[in-house]
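K.L.:
In our numbering, the protein residues as written are 1 to 641.
There could be a bad hint or two in this list.
Claimed, not checked - Distance windows between CB atoms, simulated:
#1 Leu14 - Lys248: 18 to 28 Å
#2 Pro324 - Arg521: 48 to 58 Å
#3 Thr169 - Glu369: 22 to 32 Å
#4 Gly297 - Ala8: 22 to 32 Å
#5 Lys401 - Pro376: 23 to 33 Å
#6 Thr15 - Pro113: 47 to 57 Å
#7 Ile546 - Ala566: 26 to 36 Å
As the list claims (entries may be wrong) - Straight-line alpha carbon distances no greater than 25 Å define the calculated SDA-like cross-link-like pairs of lysine to any residue that follow:
#8 Lys210 - Val343
#9 Lys270 - Asp312
#10 Lys270 - Gly203
#11 Lys641 - Gly576
#12 Lys210 - Asp312
#13 Lys222 - Pro376
#14 Lys617 - Gly576
#15 Lys45 - Asn138
#16 Lys536 - Val343
#17 Lys600 - Lys617
#18 Lys635 - Phe477
#19 Lys641 - Gln548
#20 Lys38 - Asn57
#21 Lys112 - Glu92
Because the hints were derived from the structure by calculation, they are not lab data. Backbone N, C-alpha and C fix where the C-beta goes; we use that ideal spot for every residue, glycine too.
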Amino acid sequence: CLSLIGIAREVAALTGGSLKKPELSSPRSSESTASLLKVSIENSKLSARYQAMLIRNVKIGPAPGWMQRRLVYAGMRPISNIVDITNFVMLEWGQPLHAFDYDVLAKRAGAKPPHIIVRPARAGERLKTLDNQDRELNPDILVIADEAGPIALAGVMGGLETEVTAQTTNVLLESASFDYVCIRRTMRALNLPSEASMRFSKGVHPEIVKPAAARAAQLMAKYASGSICACEVDCYPAPLPPLKIELKLDDVRRLLGMDFPAAEAERILKALEFAVERQGDLLKTTAPAHRLDIQVGPADLIEDLARIHGYDRLPATLLSAPLPEQRGNRALDLEERTRDLLVQAGLQEAITYALTTPEREAPLTGSAEYVKILNPINADRVAMRRTLLAGMLEAVRENLKNFATVKMFEIGAVYWPKAGEKLPAEPSRLGLVMTGRRGGDFWADSGGGPGPDLNFFDLKGVSESLVEGLHLPNIAFRQSSATWLHPGQAAELVVDGIAAGNLGRLHPRIAPQFGKELAERAVLVAELDLEAILAKVPERHRYVPIIQFPRVLRDIAIVVPEETSADKVLAELRSGGGELLRAATLFDVYRGDSIPSGTKSLAYALTYQANNTLTDKEVDKIHKRIEDRLVHVLKAQIRGK
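Construct all of the structure, not just a fragment, from the sequences and the given hints.
P.N.:
Okay, here's the thing in structure tokens:
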């Protein structure tokens with residue numbers, strides 16, 4: 001967060017002016033704060049510095065008008081002169097402050113001087129904060145406490161019991177530095193953002209603690225008629241050493257692509273309050289105490305030089321080295337090819353949240369174990385997903401409010417815990433969801449009614465077009481045992497003998513659990529193992545020339561037992577037809593009184609073609625060979641014979 005002084009420092013550097021800071025000296029009384037108060041820090045990693053000042057005999061009232069107006073412009077509500085001064089100094093210096101009623105602390109301490117302790121909360125402790133909420137604390141929360149218990153949430157919000165009121169006469173002023181990760185964790189755990197916590201969560205340098213406290217005490221003496229006690233208590237167990245950086249102008253030239261005058265670099269750094277010792281083309285610098293962002297080294301200083309000099313003044317230059325050789329990424333190329341094929345099939349890509357809840361996915365995954373989030377952003381995003389379909393079904397539900405037909409796909413990772421390991425498995429999955437009508441409304445449709453609904457075979461067709469477009473070998477579909485799919489309308493995709501996922505109609509018991517919009521319709525879903533599929537894509541595939549001679553079409557209808565699959569029939573057709581059988585398409589399935597019970601009739605359209613014109617005699621011979629094979633191998637009956 002930029003402070004007013006920080007902004008003024010930047011303006012001074014940009015304009016060549018000088019920065020004039022507020023005068024911090026003010027009269028002190030002979031009474032010593034150190035004799036009236038004790039401060040200790042349990043863990044210097046959680047709080048690097050804590051300073052306390054005592055201001056006696058303050059008169060509570062409104063802050064001066066100019067201060068109130070500035071707070072209002074900054075989006076803050078004026079409260080009283082003491083509270084407004086702490087907020088104003090926070091804006092001016094970037095250092096959050098807090099004011100306690102010292103007399104309340106003294107009463108809690110009994111006959112002894114109050115003892116301020118910065119420590120993690122104890123399990124089971126409670127604190128009523130300034131917003132009048134009674135909050136249960138835990139050891140992950142840093143608190144300001146005395147020997148009687150917590151009095152404030154460190155860096156976030158004060159306690160109600162010790163707040164400054166109209167009856168306050170003695171103020172204990174707190175100025176401290178806290179670990180930004182700890183403050184951020186407290187703010188999120190309690191859902192309690194504040195102006196102070198937002199600044200602390202981004203880091204406040206311990207060296208700003210003292211001047212900010214002196215400035216606030218000065219204003220309290222001036223606008224609240226207070227008397228500042230001498231010898232403030234400053235607990236600073238591990239002061240940060242000065243950060244020294246050597247900057248070579250050759251490095252500036254290399255990173256900015258221009259010659260940067262040494263005098264200009266020295267001027268800019270001094271304007272930003274760096275201590276600079278110039279030795280030719282070498283600048284030996286010491287970073288100012290308020291800079292927490294100087295971590296990398298010379299590159300941080302070069303960034304400051306470029307910002308103040310002006311990004312628009314940096315020259316545009318070409319790379320001096322040749323461009324690196326372009327190399328393909330097969331995995332990404334195949335993934336992009338998958339997207340193209342699905343878009344060509346009429347689907348739209350969806351991107352859903354990877355964060356979910358186990359309850360949302362339970363209809364699909366059951367009681368599976370999940371990767372839990374330690375600091376979830378909200379109650380609906382507490383775990384990493386195990387399936388793509390839950391998020392996709394929610395997206396489909398929302399889209400059905402505006403569209404009658406929705407067809408979408410998603411490519412993304414799912415997350416499965418691995419026993420004994422910190423990191424989960426992250427396999428890549430392909431999800432498909434389709435529901436609605438097969439075709440759009442058209443005035444010439446017969447009967448004038450809507451087209452037929454999408455069914456299992458539409459989804460299977462999309463899957464087939466995908467695997468064909470990827471030129472996958474040995475594709476088969478077999479019966480699926482997935483419990484979240486409708487029995488009899490489900491299949492498992494097998495690629496070269498390896499199971500690669502399930503597809504079919506979502507089970508009617510599960511569909512309503514994702515919304516009433518899905519309850520009365522057929523919802524076709526698939527979740528495929530994209531890694532297993534893409535692993536079988538061949539490096540090269542053969543193209544065959546288009547045959548220029550005419551094809552010959554024949555039909556064949558056979559009666560086979562009910563348990564005989566169409567795939568098995570197709571395999572025998574291809575075995576009997578050899579290279580001359582170019583295609584075999586199932587176009588009719590019949591069950592009825594005209595054939596024996598327990599059997600079905602399958603009708604196929606056969607396409608024969610060769611690199612010469614086929615005669616009827618040649619086709620009859622191949623066709624007869626196919627019929628004989630079906631009769632002998634499958635015990636089929638040829639209809640019409």
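K.L.:
Hint by hint, say whether it matches the structure.
P.N.:
So, going through the hints one by one against the coordinates:
no.	hint	in the structure
1	Leu14 - Lys248: 18 to 28 Å	24 Å, holds
2	Pro324 - Arg521: 48 to 58 Å	52 Å, holds
3	Thr169 - Glu369: 22 to 32 Å	60 Å, violated
4	Gly297 - Ala8: 22 to 32 Å	27 Å, holds
5	Lys401 - Pro376: 23 to 33 Å	28 Å, holds
6	Thr15 - Pro113: 47 to 57 Å	49 Å, holds
7	Ile546 - Ala566: 26 to 36 Å	28 Å, holds
8	Lys210 - Val343	63 Å, violated
9	Lys270 - Asp312	22 Å, holds
10	Lys270 - Gly203	23 Å, holds
11	Lys641 - Gly576	19 Å, holds
12	Lys210 - Asp312	38 Å, violated
13	Lys222 - Pro376	46 Å, violated
14	Lys617 - Gly576	16 Å, holds
15	Lys45 - Asn138	18 Å, holds
16	Lys536 - Val343	21 Å, holds
17	Lys600 - Lys617	30 Å, violated
18	Lys635 - Phe477	23 Å, holds
19	Lys641 - Gln548	34 Å, violated
20	Lys38 - Asn57	20 Å, holds
21	Lys112 - Glu92	36 Å, violated
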